[in-house]
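Trainee: Chain residues, written in single-letter form:
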Amino acid sequence: MSDVTGAKVAKSLLLVAKRVEENKDYLCELDGEVGDGDHGVSMTIGMRAVTRAVNNLPDSVTPQAAFVAAADAYADEVGATIGPLYEAAFRAAAEAAKGKTNMNAIGDWAAVYEAMAVAIQVLGKAELGDKTLLDAFFPAVEHIKKLATGGGDLVSALESTAKCALDSAISTKDLVPQKGRAARLGDRAKGHQDAGATSLAIVLAGFAEAIKAG
Amino acid sequence: MSDVTGAKVAKSLLLVAKRVEENKDYLCELDGEVGDGDHGVSMTIGMRAVTRAVNNLPDSVTPQAAFVAAADAYADEVGATIGPLYEAAFRAAAEAAKGKTNMNAIGDWAAVYEAMAVAIQVLGKAELGDKTLLDAFFPAVEHIKKLATGGGDLVSALESTAKCALDSAISTKDLVPQKGRAARLGDRAKGHQDAGATSLAIVLAGFAEAIKAG
Amino acid sequence: MKKLINDPFDTVQELFEGFVSANDHLIKQVGHRSIARIESPIAGKVGIVVGGGSGHLPAFAGYVGKGMADGAAFGNIFASPPAKPVIEATIAVNSGAGVMYTYGNYQGDCINFDKAQDHCRELGIQVQTVVLNDDVLSAPKDQAHKRRGIGGLFLVWHVAGAKAEAMASLDEVVAVTSKANANTRTVGVGLTSCTVPANGKPTFSLPEDEMEIGLGIHGEPGIKRVKLRPIDSVIDEIVESILADLDYKGSDVAVLVNGLGGSPAEELYLVYRRVSQILKASNINIRFKHVGEQVTALEMAGVSVSLMRLDTEMHDLIKNSVVDTCMYKKI
Amino acid sequence: MKKLINDPFDTVQELFEGFVSANDHLIKQVGHRSIARIESPIAGKVGIVVGGGSGHLPAFAGYVGKGMADGAAFGNIFASPPAKPVIEATIAVNSGAGVMYTYGNYQGDCINFDKAQDHCRELGIQVQTVVLNDDVLSAPKDQAHKRRGIGGLFLVWHVAGAKAEAMASLDEVVAVTSKANANTRTVGVGLTSCTVPANGKPTFSLPEDEMEIGLGIHGEPGIKRVKLRPIDSVIDEIVESILADLDYKGSDVAVLVNGLGGSPAEELYLVYRRVSQILKASNINIRFKHVGEQVTALEMAGVSVSLMRLDTEMHDLIKNSVVDTCMYKKI
Ligand SMILES: Nc1ncnc2c1ncn2[C@@H]1O[C@H](COP(=O)(O)OP(=O)(O)O)[C@@H](O)[C@H]1O
Ligand SMILES: Nc1ncnc2c1ncn2[C@@H]1O[C@H](COP(=O)(O)OP(=O)(O)O)[C@@H](O)[C@H]1O
Ligand SMILES: [Mg+2]
Ligand SMILES: [Mg+2]
Ligand SMILES: [Mg+2]
Ligand SMILES: [Mg+2]
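First to last, the sequence lines map onto chains A, B, C and D. Counting from 3, one number per residue, gives the positions in the first sequence under my numbering. Counting from 3, one number per residue, gives the positions in the second sequence under my numbering. Counting from 23, one number per residue, gives the positions in the third sequence under my numbering. Counting from 23, one number per residue, gives the positions in the fourth sequence under my numbering.
Calculated directly from the structure, the hints in this document are not laboratory data. Among the hints, erroneous ones may be present.
[Stated by the list, open to error] Partial selection, computed: residues in chain C whose CB lies under 8 Å from chain D:
no.	residue
1	K24
2	K25
3	L26
Glycine is no exception: its CB is placed at the ideal position from the N, C-alpha and C atoms.
Modelling step: build the complete structure from the supplied sequences, incorporating the hints.
Mentor: Put into structure tokens, the structure is as follows:
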């Protein structure tokens, strides 16, 4: 596999954006069941801004700079709850990728994912089980951290991590929300899959797909 | 047949009101195709007011007074185009029935119907063929006037007159409206049966039915 | 039918009661279905009486108060009021300086207001009438007397009310109202039908991907149905109809972007954005502008655009007026 | 989706442009998606900055002008604005007397406004925040801090704006705003969903014969679905929820009957009629009342009722105020 350079990270963000937008209606539908039906829209607006920003980056971009561009894009365009959460996540990803010229190792991605999840938790103050995107993200982080110590293949690690996130997102159906709009519904929100957890799984799957494509 | 007294005229107005209200939705539908969809509502409001007024009349009421009560009811409650037209019609009917203690003769009804149609024309200034209720009323008036000279049975005269009004109402489908809201549509209103002509036929059928019932 | 109502045959009466009690600091009830400005009659002032069917709020009763109308008569939904409430309002607002009737050009309104006018003149009240016909697409230009009155009446009454407020004579108020009407044009588009409560079903049905151009404020069909399109291209088309009907080039204008009841305010601002772009490009100067629901058709989704060409008199009247009516205020 | 829009992803930007140009006599653009009262900063005056997602007009930008808010930030539809436009508005309205943020209690707004507040305090601007939570049915009384802000913010801002206009200090403005919020309760009912333009489909679906009680102004589900009933009985139920939550007996109150966007004004007056009957029977004195669309959810059909219990200070502030904002005026 060729190096996962900053340019490749940037390119992977473009694929993530594509996959998110393809799922806009589905994400809105999930959000509409218990929230305000805009999650797919907010993510698409953010990811379009990311795409514009990334398209302006030089080929020589570092992984850190690519994540900073994504953070800035979310900060300026999205708002909502999800905007500052992803902004913080991408900014933390940048920090975790600081100084690196490539992200070839599973550990590089484990560090980035963990930093993202932690940043989201610090800002949004959700606990595991609160039925938020963290209920997909933290299991995925645990999963990739374990793989990082084993030292296997990056692509399959990213793929199985995305799969873990998706499984966890599906499992949010059983949870009663505690944060955000859905929290007001209590038991009425049971049985519905969390929109933010689902989009997070799509984001992680997008990274895996892009890195695999090389 | 027993005398068609003022009380019977009053009672016939109650049946007319009932039949009109039963056709409220149908009349609205006809009006909605080319107008503002309220004709059944306006007629029902008017006929409910007529019902209230007629219920307050003494048994000794004259035919004239019964029609005056109907005119006053329309004047106060309906408005719209149809309100003043029916007010004028009922007031003319009262005038035509002036001094009569009964309306046993076909000629009594021919005079009342003719007075009503003429009053509507004087106020509304519609010509025959303009696609208004007059396109049902005038043929009906011609019809009953002819029968009046023959001197047949009152009930069958009223029945065939109502039938004539209904046939004429159906024939309004072929006319292009010249008055009221529908006038603005020109050819687009062709093929639609005029709502006011239809309700007029229902009114005349109500009189016939009530007098037959005795 | 999804409506916040009780028995649909009670709707107008209950609406009237609610309206009167919600606005009792500005108006008083002066008859079964008629209201007048609380200070009426105002010595020396021409009284302006408006009215029409219910279902168009703020038109018509919503404009009673300082700077627009002095009295109004409530009809049933989409049905002209009978003469009686018009007469009651006329008597209540008449200070001796005369009364002007002004309303949209509908057969029912013309018949009933004319009856009231005849009656009030017999009572010795000076009454004049100005019937409004701003709806460009409701009849060709050579039959303009057949055109309906729609959203533009808001602009015309703005001018008329300011003139009366300035204690002009009846003739002067009538003259400026006629002039304002002659200089006002409107075109509307509708996306959905509305439902007359006592009818219970939508007046017409419009496929999910079609809109109606030129439809009336009672759900009367317009001149054509077109496919739903981006709003900019729709606004281009309707403003073009307006500009083709009257020469606005180089003029000062007042603009109204009017919501028909069911479209959110957000969309009205999108419409204003395009209208202002077109007028700028056409060298037409916007001197007064208003975006809001002013003449509605119950819950119909849609919009109308009105332009009033201003001369100095009309300009000054509309710009400098202070309006404090039940449902429209201008400081 | 039947909307008067262009590309749905351009809607907010175009709405912003339209809003700014339609109101350029009252406000100025001070950032990508932020506006300020045209005279800002006003020497010695506390600046009030509001904001939230778009789709609620007149809330929030519609209240910028004299007597209510000094600045506002536009979010995407139903999405809190990012911190940046809030910061821009803050800087624009800051005269040195300090700035108050006040907005409805939503996680997204809290996060973004808090970020802006941190940033502006670092710049040396005094900023205080009052988060509003009038929606009775959105959380039980012992968790009132979780309640949403909905229609009642109109009443709270009415008081807050009047206090700031009277040149009160930041602490005083914050105190009266908090007091007004603590005395304000709202309950809403919805008959239809709304559609986020870029989503394109209704957020939820409601059977033709059902309504939702307690739903939010973004289409969030309420506490229960009930069969469509005569409006009087619905209003009885929701006003009862309000009166059960706060003791209004014998008090002076301000009342807002608020339309959610899709219900015609006629229906709002029907609602006011019933509200005023109930309050009268409950020995509660209406000192201020307003009927209109003030805090909406795009084109959703429905209504909310808000009651604010008034002490002398709040009473005098709301009664005597003159308000001249983009979309609400009071003389
Ligand atoms: N405090 C939080 N921490 C982490 N994720 C959260 C938090 N609150 C909400 N979320 C996530 O955000 C998603 C909703 O996002 P979105 O619909 O874009 O925002 P909004 O609720 O402002 O409309 C939820 O499905 C949930 O996964
Ligand atoms: N000038 C007229 N003369 C006679 N009948 C008329 C005239 N104008 C309209 N009509 C009748 O009135 C009917 C419409 O009545 P209605 O719907 O109640 O009044 P509106 O048009 O005010 O809503 C038409 O179908 C037509 O038959
Ligand atoms: Mg959402
Ligand atoms: Mg009709
Ligand atoms: Mg009508
Ligand atoms: Mg949202």
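Trainee: Are the hints correct? Go through all of them and say.
Mentor: Right, here's what the structure says about each hint:
Checking K24(C) against chain D: minimum C-beta separation of about 4 Å stays under 8 Å; hint holds. Because the beta carbon of K25(C) sits about 6 Å from the nearest beta carbon in chain D, less than 8 Å, this interface hint is met. Contact between L26(C) and chain D, as hinted, is supported at the beta carbon level, the nearest pair being about 4 Å apart and thus within 8 Å.
In this structure, none of the earlier numbered hints is contradicted; all agree with it.
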